[in-house]
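For the protein sequence lines, the chains are Z and F, in the order given.
So in this note's numbering, the last spot in the first sequence is 291, and the numbers never skip.
So in this note's numbering, the last spot in the second sequence is 624, and the numbers never skip.
These aren't lab readings, by the way, just hints derived from the structure by calculation.
Errors might be hidden in some of the hints.
[As the list claims (entries may be wrong)] What follows is a list of derived Cβ distance ranges for each label pair: (1) Z:Thr131 <-> F:Asn491: 16 to 26 Å; (2) F:Ser433 <-> Z:Asp228: 46 to 56 Å; (3) F:Arg595 <-> Z:Thr131: 55 to 65 Å; (4) Z:Thr131 <-> F:Ala453: 31 to 41 Å; (5) Z:Arg191 <-> F:Ala563: 41 to 51 Å; (6) F:Pro271 <-> Z:Asp233: 49 to 59 Å.
Please read all numbers here as calculations on a predicted model, not as lab measurements.
Even glycine gets a Cβ: it sits at the ideal position worked out from N, Cα and C.
The primary structure of each chain is shown beneath.
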Amino acid sequence: MSGRPDRESAPADRVERTWCPGCGNFGILTALAAALRELELEPERFALVSGIGQAGKLPHYLDCNFLHGLHGRALAHAHGARLADPGLTVIAVGGDGDMYGEGGNHLLHAFRRNPDITCIVHNNGVYGLTKGQPAPTGAQGFVSRLTPHGTSAPALNPLAAALGAGATFVARGFAGATEQLTVLIVAAVRHRGFGFLDVLQPCVSFNRVNTWDWYRERVRPVEPGHDPADLDAAFRLALEWPGASDERIPTGIFYRAERPVYETGFPALGHGRPAGADREKLRRLAEEFR
Amino acid sequence: MSSIAEVIDVTVTVAGEAGQGIRLAGETLTRLFARDGYHLFAYPDVMSRIRGGHNLTRIRVSDEPIACIAARSNLLLALDESSVEAHRAEMVPGGVILAEGEPADGAAGQAGARVARVPFMRLAEELGGAKLYSSAVALGAMTALAGQPLKSLEVLLRQAFERKGREVVRANLKCARAGFKAVGRELRQECPCRVPGLGGRPKLLLNGSEAVGYGALCAGVRLYAGYPMSPATGVMEYLAARQAEFGLVMEQAEDEIAAINVALGASWAGARAMTATSGGGFALMVEGLGLAGMAELPVVVVIAQRPGPATGFPTRQEQAELLYALSASQDEFPRFVFAPGDNEQAAYATCRAFELAARYQVPAIVLTDQQLADSFRTVDDFGPDRLARSDDFADDPAAGMARHAFRRYALTASGVSPRVRPGYPGQRARAIGSEHDEDGFSTENAGNRRRMQAKRLRKAAGMAEEFGEVADWPGEPAKTLVACFGSTQGAVREAAAALRQDRVPVGMLHLPELWPFPFARVEARLAACRRLVTVEQNSTGQLGRLIRRATRRRPDAEILKYDGRPFSGAELVERIGEVAG
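This is chain Z alone, in the form it adopts within the complex (with noise of 0.2 Å):
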C-alpha cells in the first residue's frame, strides 16, 4: 500500500490511511518515518502532537505517544509537554489552516520563544478536510466557493515571518522531494530550540492551481554556498517566494542560529522532571502568612 512507513503501531496496522491517493501527506510521513529511523528515536522518547485537518491524522499512522487535539493548538499542547516532561522529544505537525491561521499567534510566539520543538507544517495552500477554502499561503485570487471573485489578499509569507520574529530554524522543504525532505527534518529535530520547517506540498483534490508539477518545475534546493548563519541572505531567500515571481521556490535550510532554548529559562526545570514540595516545606509556607 502506498505510502506505508516501516514502523507502524501495532494496533494502527488496522488504521485506515484516509488521505486521497496522490496526497503530498504521504512523502511527508515517509520522510518522516525515514527520520525517526535514522535519529534512533525510540517510540519511548517522542510524542507527535497535531491538530485538525488532514495532516492532524498523521501521528495515527506511526508508532507514537500522540495528543491529537484542536485546530490550531498543538503548539501549545506542545509546549505544554516540553514543560511537564522536558526529557521528551516533541513533533508538532499540522497544516497550514491549523499554523497560519488558527494557531498564528502560537507560532509568532514559539518563534519568539525558542522552545525545543520541531514544527512541521504541511503546506498546501488550502483547507482540504473542509473542502477547498483558501488558506493563509494560497495564491492571491484563489477561486472557491468562498471566494468567487478570487480571494483578494497576497499569500502569507511564513518563513520571512518566521525570520522577522527571531526563529532560529528556519526551512522549506517538499513532499516530493523526501531525501532531501528526511534531511531536513533530521536536522530540524536535532535543532536546539525551535525547528520550524515549512512543507509545500499539492492537494489533489482541492487546489487545481499548485500541483506536483507545478512545484516541480519551481522548487530548487538552496545552492551549496548559501550561509546559514547569514540572516540578510536568509531573508532574500524567503522573499524569493511568495513574492514578486513564482519563477524559483528555493527549499533547505534557510537559517539557523544558536540561542537559549527556552525551557532553561524556567528555574523549576533542572533534569528531568521536577521535584514536588514536602509536607514540612509547607508547613512553613503557611507560616509566611504570619
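Chain Z is already provided as a structure; the job is to place chain F on it using the hints.
Just chain F, lined up with the frame of chain Z:
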C-alpha cells in the same frame, strides 16, 4: 477574647486616589491588627486604573471571627480631600475622618462624622525631608486613633523599609512618631474605633488568591499557565514568586487559549496543571475545556468572577458564571464545580480539585470572585495537613501487559480508564479530541460512540459519591432557609445570626460544591423549611434556577445584588428580614 465587655467590631477605612499609597497604608494597618491577634476582614474597593480615581480599603476588625464587610466605618483615613466628603455619610455617629491639614482647618463637630486634621505633608517634609513620608505620618496618627501602641507600627515600618536602608527607616519612624503625637488625648479617647493592644497570638493573614495558590502547591501543582486578568492575577503572582522553591513551571501564555492548552499538554505529559482567569478569559478557554472532557485530561481551572458582560467592572464583585461553569463547551461531559466560601475553603477546594480531577480525569472548575480573591481574612491555623495529595501514577495499570496491549480509553465499569504517561515502556499514551475507540484512534462507528459517551458520563456516579459537601448553619432546621454559594456566605451567616437573635427563624444553607449537585442533601434541607430564600450576586438568580432545576423547588424570594459591591451583614439583615416571613 471579649468577656462581658462589648464585642469589638470596628471598620478602619483608607481612601484616596490610586497611587497615593492606599495599598501600603491599608496593608500596614491590616498587619498591625492581625499581628496583635485580632480577627479581620479587609476588602479593597478599587477602580480599574493605576493613578487617580477613587480607591479604598475597608478593614473590619473584631475580636470574634468575621467574614464580610460592615456597612459603616468608624475611622477613615482620607488621603485626598474628596474622600472626606465622599464618605461622611457612611461614618458611624461620632466616627472620625482623618485628613491632611492644620488642626484649625478642620470642620470638626459637624453632624455625624468628626474631621480631624493632621499636617501629613508638612511634618513629612520637616522631619523626613520629603513629602513621600506623609504616609508614615498618617499611619502614626491612625495608630493612635485606633488605640494601638506606636511600637507595633514601628515594627512594621522597619520591616517594610529595611531593604531601602537605615536612613529611610529612620525617616519613616520619625514621621510616624510625629503623626502619633499629633493626635490629642481627647480625640484619642473619643474616637469610636478602639482596637486596644490585645497581645494575642498573631493570626495568619491571606487573601483568596494566595489561598488558592497555597492549595495548589499542597496538591503538587507542577505547571501553571495563565494570562493576566483581574481579579485572577493574584494566583499567578503568588505561584510565580515560589516557582523555584516548589518546582513549579510558571508560564505566562500569549493568550488564554494558549493558557488552557498548555495546561492540557502538560497534563497529558503527566503533570498536575492549572490555570486561573476571569469570565472573559474563561470564555476563550471553553473549547479547551471540552478537549479536557473528551480526551479525559485532568485540569484545574480557577474562575475569579467579576461583573460582565464583556469587560464589565474589571476589579469588582459578582457571581454570574455559575450556570456557565456548569455547561460550558459543546456537547456533554462530566466536570467538578467548586464555589468555596472563604480563603480557607478556597485552599481546601483547590487542593481537592486537583485530587478529584486526576481521579476521574475530568476538568475541575473552582469558582471564586473578586471579594474572595482580594480580601484578606485572618485565619488561626492553616497548613497542609488537611490538604491531602496522592501520586496520580502510583498504581501502574499497564504493569505486566504485553506490548501495545494497553488501552487508554478502555470501557470500564466506573467509566474511569487507565492512564499512562508518554514514555511508558512498551505502551503508548494517546489523547484525542475526536470520538475514539478504546485505543485512542478516531472512529465514526455509531455503537462505539454510544459506548464511549456513556463511559465518560458514567464517571459522574463515582464523582457524586465523593462530592457535594454542604454547610448549614446553625445546623438545625429553620423555617426560612437562606441558600447561597461562594463568598456571600460570610454576610449571610452574619445576617442569619443577627436575625435569630431577634427571634426571626432563619438558617443558612451554603453550597461550596455545586456540581455534581448534592441532590439528596439539598432536598432534605429544603423539605424541612417553609420558605426558601436565595442570596446571590448576579441579576437573574442563577443559584435559584439551579436549585429549581435540581429539586423542583422554586425560591420564595430572591435577594440579588449586582452593583459590583459585596454584601454587608447589615444589608442582608434588612433584606432577608423583609422576606423571611
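A quick look at each hint next to the structure:
no.	hint	result
1	Z:Thr131 <-> F:Asn491: 16 to 26 Å	24 Å, holds
2	F:Ser433 <-> Z:Asp228: 46 to 56 Å	55 Å, holds
3	F:Arg595 <-> Z:Thr131: 55 to 65 Å	44 Å, violated
4	Z:Thr131 <-> F:Ala453: 31 to 41 Å	32 Å, holds
5	Z:Arg191 <-> F:Ala563: 41 to 51 Å	60 Å, violated
6	F:Pro271 <-> Z:Asp233: 49 to 59 Å	37 Å, violated
In this structure, the hints that do not hold are numbers 3, 5 and 6, in rising order.
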